Amino acid sequence: MTWYVVRTKPRQEGRAKLNLENQGIVAFLPEITLQKIRRGKRTPVTEPLFPGYVFADLDDYAGKFHKVRSTFGVSKLLTFGERPATVPDALIEEMKQLNAQSSTIQKATIAAMPQIGEQVEITEGPFKGFMAQIVGLDGESRCIVLLNWLQKEVQAEYEFSQIRRS
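Counting in numbering that gives the first Met the number 0, the sequence shown runs from 0 upward without gaps.
None of these hints come from the bench; they were simulated from the model. Careful, some of the hints might be misleading.
[Unchecked claim] Pair ranges (Cβ atoms, derived):
(1) P83 x V134: 31 to 41 Å
(2) E46 x S160: 20 to 30 Å
(3) G80 x D56: 15 to 25 Å
(4) E46 x L77: 12 to 22 Å
(5) R163 x E46: 24 to 34 Å
The model shown is predicted, which means the values in this text are computed figures rather than measured ones. For glycine and all other residues, C-beta sits at the position ideal for the given N, C-alpha and C.
Produce the entire structure from the sequences given, and follow the hints as far as they go.
Listed below in structure tokens is the structure:
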């Protein structure tokens with residue numbers, strides 16, 4: 000199998016892959032699932048591993064060149080001068096395996112992350128040993144907690160490494 004690199008239009012990788020497959024061309028779009036903060040909540044977001052690129056298996060490059068190039072979502076086939084860019088089959092197979100593994104690892108990571116409303120213990124700093132409740136997530140590795148100090152509710156920001164689930 001010879002895999003070719005297909006350049007897609009901006010943010011149309013999924014559309015290009017679907018349209019290539021509708022034409023009977025085997026296409027592969029490696030994806031990665033990331034945790035992003037959206038409206039104060041950590042949500043999993045699946046994005047292309049290589050934004051702007053899809054891999055296509057073309058058994059007849061010369062015969063399918065124009066068919067691929069005119070597919071909705073496709074910008075062009077990547078070339079080096081007159082020679083088309085190819086990727087070895089073994090590399091594509093490895094990426095497919097990593098794609099499958101990353102989804103199971105990502106599910107375990109989501110479960111391990113602190114969530115809003117959860118009770119935690121502060122493990123570092125002046126409030127070490129205090130119990131707090133997570134009221135917000137700030138960035139990729141910090142959270143905002145609400146703790147009771149001198150009969151007042153106080154908000155503080157902590158790294159995930161500075162808190163422990165109770």
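Violated hints, by number in ascending order, as checked against the structure: Failing hint: just 1.
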